[in-house]
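With chain D held as given, fit chain E onto it using these hints.
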Amino acid sequence: MASVAPRGRSYRVALSALGAAAVPSLASALPFWLHLPENVSTFGGKIDGLFTLILWITGTIFVLVEALLLFFLFRYRHREGRPAHYTHGSNRLEVIWTIVPAVICVILALLSRRSWAEIKQNMPHGAMNVEVTAEQFAWNIRYPGPDGKLNTADDLVTLNQLHFPVGRPLIVTLHSKDVIHSFFLPEFRVKQDAVPGMTTHIWLEATRVGHWEIACAELCGLGHFRMKGFVTVETPEEFERWMAETAKEAAS
Amino acid sequence: MSTIAVARELPPGVHPEPTSFWRKYIFSLDHKVIGKQYLSYALFMLVIGGLLAMLVRWQLAWPGRPIAFMGKLAPEGMPNGMMLPEFYNSLFTMHATIMIFFAIMPILIGAFGNFVVPLQIGARDMAFPTLNMFSFWTAVPGAVLIIWSFFVTGGAAQAGWTSYAPLSAVMPRGQTLWLLSLLVLGISSLLTAVNLITTIINLRAPGLTFFRLPLTVWALFVTAVLLLLALPVLSGAMIMLLFDRVLGTTFFLPKGLIISGQPLTNAGGGQALLWQHLFWFFGHPEVYIMILPAMGITSEILPVFSRKPIFGYRAMAYSILGIAGLGWIVWGHHMFQSGMNPILGTTFMISTMVIAVPSAIKVFNWLGTLWGGSIRFTTPMLNALAFVSMFVIGGLSGIFMASTPVDIYIHDTYFIVGHIHYVLFGGSLFGAFAGLYFWYPKMFGRKMSDKWGRIHFAITFITFNCVFFPMHFLGMRGMQRRIYDYSQYAHLKGLQPMNQFMTISLFVLGAAQLILVLNFFLSMRRGEPAGDNPWRSNTLEWQTSSPPPHENFHDIPTVYRGPYEYSAPERGSDDHWPQNEPPSGRPVTAHG
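Residue numbers (the working numbering), protein chains in the order written: chain D, 47 to 298; chain E, 126 to 717.
Worth flagging that the hints you see were computed from the coordinates, not collected in a lab. Bear in mind the structure is a predicted one, so any value in this text is a computation, not a measurement. Please note that a few of the clues may not be correct.
Pairs of lysine to any residue residues, derived as SDA-like cross-links and limited to a Cα-Cα distance of at most 25 Å, are as follows [unchecked claim]:
hint, chain 1, residue 1, chain 2, residue 2
1, D, LYS195, D, LEU80
2, E, LYS161, E, THR628
3, E, LYS618, D, GLU295
4, E, LYS576, E, PRO595
5, E, LYS380, D, LEU196
6, D, LYS274, E, LEU176
7, D, LYS223, E, LEU647
8, D, LYS274, E, LEU647
9, D, LYS223, D, ASN206
10, E, LYS197, E, LEU209
11, D, LYS223, E, PRO297
12, E, LYS380, D, PHE183
13, D, LYS274, E, HIS616
14, E, LYS380, D, MET244
15, E, LYS576, D, ARG125
16, E, LYS618, D, ASN85
17, D, LYS223, E, GLY394
18, D, LYS223, E, GLN396
19, E, LYS576, D, LEU61
20, E, LYS576, E, GLY635
21, E, LYS576, E, MET460
22, D, LYS223, E, ILE384
23, E, LYS618, D, LYS223
24, D, LYS223, D, THR204
Isolated chain D, as found in the complex (with noise of 0.2 Å):
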């Protein structure tokens, strides 16, 4: 801190030395660091955009507060013969500073409203089905069969492995046998608990074909980190052939 004392000085240059040297090494490391993963979920773009935004704004206070406080620590440190400004505040000011960040935060609800209802709130019409039910420490994923419905004779029913064809929407309905997992597809910005005696719901749209993972992320045990699902996203007709081998070897 700023504080200069003719005892100990040379340490203080030292250390304001190293920090000097902190800084801009940290610093170009940033852009390395303050990215999310790839997005490939068509309303992926819009919480990577949100995210942006409130990065970009809270990063904004946050360097004008830290570099006023800086400031002002250098500038009204303790001098002989130089008072203390005796103010016990001001009215302006607070109604200042507590309209604007108010209004800040209201327009960020106001923009996260819409997006919330569009991902969670309203399921996409024309989406393809699938019924996954957490267990410890596995997700079994039942897709519809060729009847296009869940919960016939004809569904299938996969181990951790969850496919879908790209450009369709896909609606996932959950449940859990047991305590609460949650199913967390990062580069999808996917994630919805599914609680056992509760159906809750999710969908995507993936934006190309691909491998990813299922992670589980509520805390369910002592398998819980390895409580790991496979993502395939395939072209329509991958996806038919796949259901198709899938159907053969279960009735096999």
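What follows is chain E alone, placed relative to chain D:
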């Protein structure tokens, strides 16, 4: 101790100073002794909680690498020094439980609440001294139970400090001890809350109106009210969970549960989310219970070392009330992804965004206090400034998860862990350090070494940021919290170097606390004698001797002004103006 006190007749309601060792130091009724008892209790548990954190971080830096001596110390959880996943789960569960309930709450409310409040309001003791002794001695079995739980079959609780049902209902026996321990501790906290509220309402010195109270007292008063209203909800929920575990009730157990392939026959009719609602109805006010006293301490210290009145005293008091009021309607923000109705999520998002405002008001008023001051960089001041600058980070990172869509991604990731540690370590703990350095001279009559205090501060401040700031980055990469081995996941590969950096930083941070421990103990005998008022402070605790006599004040002081009248122009070169100094003349105290 004052010899005058013994010689004269005691005023009504004041106990004579006990002479036996037991009544003086162990089963004492004196709030100052009880405050110090809480302080030692909290610092001891802080060390245990810190050691648990180091084990957690060891596993995160070097997953699966054995620690030889731990194989002997915890043969069940770490056979041959290799950490088992269930032991890892115990470690973070117990780290959080101990830090929250056994370290931060006792140090802020038990130690500072007890020691500082009666002195600052000009009272001889707490309103109910015997109850106060009972509070502390109820907290002790709580700590015994929680430490004992490490040694029962199946190890300590491992369902997280939030203990979400139904997992917590089916975990081994350690969870039952966890519940019993917190129930016992809850009684202790409740009694302390009643005592603080009664004391602050009834025992204020003449002239000490509510708007002349030091902000520490304001903060602790509101904290006590929050405790009084929130804790019974947790206790009720914990009794229900205890019944689910041992009496076969099904408050949190829905129908059709199959645990490890076995149907849970008695399950049915319960609601898993009910636990979360009850827990967070307590849990969110709890967050403010842990931060408000630290805010109070900071508001106390900044004016003293800026030699300037606090900026916007009333705004500070009202924002404490605002936080306390809004704190009751934000609990659902912990449950956005829980399956709670998403429309309810929107409601909770709005209330959560609004609660950022009173926190912002406080930060701006702290800046306003520094503006135009005559700032002295003493050790308590440095820690209070660290509180302000770190609380800003913890507060701003909260905006991310307040936004429901952003929370979808960062919920239950390390981003959240980073946020809570900026609030609880960067906030509460730096506040506690500031309070410790500030009131130590009053507690023990001597100052802690300023030089070693600065060194402790510098290392703690730097390494704290090295440990906790990268947590935000890990969370942004999608690293879930509470996972034993993140190298299982493709999206988390490549995070090991960062985790190693954080763990090494934590070891330095932990080692630096030895400086504090040594400084704390050595200064009791060797520290520079403090005198009554080493910081030239205005509040009443500094207008009596250090340490204060048995019943605090020779005569109860009369208060003439607010607590932060520093550098008033009519005082000329004297930049302080004790609260009890009559408008003209000498202060009315024993040492006037």
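- Message: Need the status of pair LYS223 (chain D), ILE384 (chain E): alpha-carbon distance at most 25 Å?
- Response: holds (8 Å)
- Item | Holds or violated: LYS618 (chain E) to ASN85 (chain D), with C-alpha atoms at most 25 Å apart | The hint holds at about 17 Å.
- CA of LYS274 (chain D) to CA of LEU176 (chain E), is that 25 Å or under? Between LYS274 (chain D) and LEU176 (chain E) the Cα gap is close to 30 Å, so the pair fails against 25 Å, i.e. violated.
- Message: For LYS195 (chain D) and LEU80 (chain D), compute the direct alpha-carbon distance and say whether it is at most 25 Å.
- Response: Answer violated: LYS195 (chain D) to LEU80 (chain D) is near 43 Å, above 25 Å.
- Message: Against the 25 Å threshold, does the CA-CA distance of LYS576 (chain E) and PRO595 (chain E) hold or violate the hint?
- Response: violated (29 Å)
- Between LYS576 (chain E) and ARG125 (chain D), is the straight-line Cα distance small enough, at 25 Å or below? holds (21 Å)
- Message: Checking one constraint from the list: CA of LYS380 (chain E) to CA of MET244 (chain D), max 25 Å. Satisfied?
- Response: holds (10 Å)
- Query: Are LYS576 (chain E) and MET460 (chain E) close enough, with their CA atoms no more than 25 Å apart?
  - Reply: At roughly 46 Å apart (the allowed maximum being 25 Å), MET460 (chain E) and LYS576 (chain E) break the hint.
- Query: Hey, LYS223 (chain D) versus PRO297 (chain E), does the alpha-carbon distance stay inside 25 Å?
  - Reply: Between LYS223 (chain D) and PRO297 (chain E) the Cα gap is close to 19 Å, so the pair holds against 25 Å.
- Message: Against the 25 Å threshold, does the CA-CA distance of LYS223 (chain D) and LEU647 (chain E) hold or violate the hint?
- Response: Cα-Cα ~57 Å, so violated.
- Query: Are the Cα positions of LYS223 (chain D) and ASN206 (chain D) separated by 25 Å at most?
  - Reply: Given pair LYS223 (chain D), ASN206 (chain D) holds - Cα atoms ~15 Å apart, limit 25 Å.
- Given the hint that LYS380 (chain E) pairs with PHE183 (chain D), does the C-alpha gap stay at or below 25 Å? holds (20 Å)
When each numbered hint is compared with the structure, violations occur for hints 1, 2, 3, 4, 6, 7, 8, 21 and 23.
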